[in-house]
Amino acid sequence: MIGYVGRLDPVKGLETLIQGFSQFFARHGQAHLVIAGKSLISHGDYGDRLRRLVNQLGLDASVTFLGHSDQPSLIYQASDITVVPSLWPEPFGRTLIEAMACGTPVVASAVGGMPEILTGPFEANLFPPGDAAALTDRLLRLVTILGQNPDCGSHCRRHVVDNFSIQRNVDGIEACFKQALASE
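FYI, numbering that gives the first Met the number 0 numbers position 179 of the sequence shown as 178, with every residue one higher than the one before it.
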């Protein structure tokens, strides 16, 4: 299962996700996309537009719109891969951190703060924003890796713990304060 958790908003790149999933589905076959989120009032018909795209691509049986979820961690844990296809430069990809903390590998657009999170071996999971073909390639590559490396999820979790844990943030803030005090 491929998962998306976030609001249904044009800047989130959901058309790219659906088109990329369509290409992935054509090549991989057995796959399901779950989209959890709702439209803002200002984008009220956007969810309907996405459903029409799913229908036009013949994916009605392979894409589920869940609506808003109060427990995104359950979706991350149920997903084999989480996709964050944003078109705008999100300053910090909280969805990436949450999914990886749940042991779920992530494919994300290379925009905003996401390249700062997906570093090292995870950098290969980035794709150019809006590029459905590149998204498809990253999904196919990651499915192959998951088949060969069942420990991939634990590597994701370790990456988050090592780089983005609360303790790591506290240590960084303390270091900044110490440096500021030392320079006075």
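Calculated directly from the structure, the hints in this document are not laboratory data.
All values derive from a computational prediction rather than experimental measurement.
Just to be clear, a hint being listed does not mean it is correct.
[Said to hold, decoys possible] The list that follows gives simulated cross-link-like pairs (lysine to aspartate or glutamate, EDC-like), each with its CA atoms no further than 16 Å apart:
no.	residue 1	residue 2
1	Lys37	Asp79
2	Lys177	Asp161
3	Lys37	Asp47
4	Lys37	Asp69
Right, here's what the structure says about each hint:
| no. | hint | in the structure |
| --- | --- | --- |
| 1 | Lys37 to Asp79 | 22 Å, violated |
| 2 | Lys177 to Asp161 | 22 Å, violated |
| 3 | Lys37 to Asp47 | 11 Å, holds |
| 4 | Lys37 to Asp69 | 12 Å, holds |
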